[in-house]
Amino acid sequence: MSHETATPDDTETRSLFGYPLSRVALYGVLGAMTAFYLIPIETGLMTGITSPETYTGTYPYLPPLEPLIPGTGEFSLGPWSTAFEGLRSGLVNSLILVVPATILSGLLGSMAAFGLTTISWRGQIGIYILFVAGIFIPYQAVLVPLTQFWYNVVPLRTAFEPLAFALPLLEPYHWKLVALIITHVAYGLPICTLLFRAHYKKLSDEMIEAARLDGASIYRIYRRIILPLSIPMFAVVFIYQFTQIWNDLLFALTIVQFGDAAVVTQELVGIGVSQSGTNFPLRMAAALLAALPTLLVYIVFGDKFAKGVAA
Amino acid sequence: MAELTLDGVTKVFTEDDGNEIVAVDDVNIDIEDGEFLVLVGPSGCGKSTTLRMVAGLETVTTGEISLAGRRINDSPPAERDIAMVFQSYALYPHMTVAQNMSFGLEESTEMGDDEISELVADTAGMMGIEDLVDRKPADLSGGQQQRVALGRAIVRDPEAFLMDEPLSNLDAKLRATMRTELQRLQEELGVTTIYVTHDQTEAMTMGDRIAILNDGVLQQVGTPLECYHTPNNEFVAGFIGDPSMNFFEMDVDKDLLIGDRFEYPLTAAQTEAVGGAQTVTLGIRPEDIEIEADRSADSPHEFDVDVDVVEPRGDENTLHLTFDRGVDEPVTFTATVSGLRQLQAGDSVVATFPPEAIHLFDADTEAALHNRSLDVPEATEQIV
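Chains A and B, in that order, give the protein sequences. Residues in the first sequence are numbered from 3 upward in steps of one, following the numbering used here. Residues in the second sequence are numbered from 73 upward in steps of one, following the numbering used here.
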């Protein structure tokens, strides 16, 4: 065995600047991949802080340093303020949509998973299969039925209008957001249920039985045992659903179509585009602005997310 | 605190393909107020299912379970006023020890917060875990978790305790300590207790009475010594006692038992007990077999055997003995002798099966035909 210990010395002789070659290669690849992923974002950021008037003809990935370095464009926060103005109502609508839709789909998914996993009753497998099947329904297949459903079948608009007049802060066009919330919750429920179910299957049956013997009702078991133990999984589901709903354009186009209720992705489509040409700094600033909330959610829930994925 | 009665309790599981499996078959046990009953049997014998039926976690197929004279078959677990200690402890991982212990009181009683925390503090003190009340279960050792699980059951002051192999996750030393402590606690509290285990040592040492279950059928209910000395059948005889009783299949020829390897003459009383049985199983406990170097007299109960393996245990040696001289893998039986006896594998010795110590079982029904005479232990008792 003493012979074998000599082998590491052999590999160390193949080195670059005193580091083993494999290590140099590893960091080289990592560095290249980091650059590959970050350059588009860096380009967007640099373009976004360039004054639109001086933008033409510059390299988009260079910082705007005129008049210090000629040909790089002038620094300006103008595109950001213009983008914010342009997207403001879309951002507000998106927020009105995404917060309740995310919380509702997470909460209902967790409750459904509890009912389908922790409590046993006849026929639950059949119901569970329906949930799983829901994951595989393609978006394209439901677009026309969705429009028909919300505009012709369900009288949500007529039911909502008197409410909107009676209550402060509510506007008549908000009915479209309510329709969108319900649609997103329904569509997100299967995957949320699946995620929670996987988590609940790992919880100890004896613990639930102990709670039953301790006198807790099904609702109390959910409220005091299951819910607190689901927090890491809620982080996973919230991040996932928030990103899905915030970035969705298809349902918004189908249900909101146009008008005051347009969400941020819809407004992003048209911003900075005119007959005189494309305002790239504005488009880049708007895109980054629209992506900011999802980024914030990742930062806020990140550590819990990691726990939930590992759980 | 109350008496618990199982009357003809049966549990049948129906599998998906319609197969019916009888897990517990017509079990009758009366457990007195304050009694410590150990339900023991090999794994899969239905002892946990029985306990879970008492707890209300499984439905009862037929039969009746009553607590303090009240039928509880159809009551949900919460209304039975029973506390259970699980093998995995089943603590709530997100709650502190104090919260774990108060949970049951909060859910099942109208007590105020102050009253609950006082009770929890008292119980924690009694269990010696008062320093741990603010910790979470993950920060506790197995033994500490075990105490919390017990404390959680005790604090509720239930009519009955159910314990499902509560000590089997502990290491051997701690298990022995907790065994004594549990007994002491149960005696102090005087709560009717059913304790499920597969460990015959726990059954022997802890129970006021033990109930032995095999294949869902109750084999015997009795005090540990009754089950040890006067087993109802071959199963109980083999299950209770460590090392297990030796069994030899013998043909009956009037007052002589003829086996493959030896013949054994019966006393008049034994012959009468055998009756008309054609074949019987002769049973003798390892500690009843006497080992001598040479034959004392020409006794028909002495046999020449070889020592195959010696297992030293310190206080005693377990000998694996065989009639098959010079065979590679011989059929062996066990005998225990004092740990100071110097015996080695390959030694030839004389084994005596004293006639007063043998048990006889019907070879077909396995029922006991004759149990060992108890004159000897009673005599020593009188002397002491």
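Everything labelled a hint here was simulated from the structure, so no lab data went into it. Backbone N, C-alpha and C fix where the C-beta goes; we use that ideal spot for every residue, glycine too. You may find that some hints are simply not true.
For lysine to aspartate or glutamate, the following EDC-like pairs were computed, each having C-alpha atoms within a straight-line distance of at most 20 Å [what the hints assert, rightly or not]:
#1 K245/B to D314/B
#2 K245/B to D271/B
#3 K208/B to E208/A
#4 K326/B to D211/B
#5 K309/A to D211/B
#6 K326/B to D436/B
Label pairs and their computed distance ranges (CB to CB) [unchecked claim]:
#7 E359/B to R225/A: 55 to 63 Å
#8 A135/A to G116/B: 46 to 54 Å
#9 T36/A to S240/B: 50 to 58 Å
#10 T181/B to V156/A: 24 to 32 Å
Hint-by-hint comparison with the structure:
1. K245/B to D314/B: Roughly 18 Å separates the two Cα atoms, so the pair holds.
2. K245/B to D271/B: Holds, because 15 Å separates the two Cα atoms, which is no more than 20 Å.
3. K208/B to E208/A: Roughly 18 Å between the alpha carbons, so the hint for K208/B and E208/A holds.
4. K326/B to D211/B: With a Cα-Cα distance of about 68 Å, the restraint between K326/B and D211/B is violated, given a limit of 20 Å.
5. K309/A to D211/B: Satisfied, since the Cα-Cα distance of roughly 18 Å is no more than 20 Å.
6. K326/B to D436/B: 18 Å, holds
7. E359/B to R225/A: 55 to 63 Å: 57 Å Cβ-Cβ, so the 55 to 63 Å window holds.
8. A135/A to G116/B: 46 to 54 Å: Violated: the Cβ-Cβ distance is about 38 Å, outside 46 to 54 Å.
9. T36/A to S240/B: 50 to 58 Å: 52 Å, holds
10. T181/B to V156/A: 24 to 32 Å: 47 Å, violated
When each numbered hint is compared with the structure, violations occur for hints 4, 8, 10.
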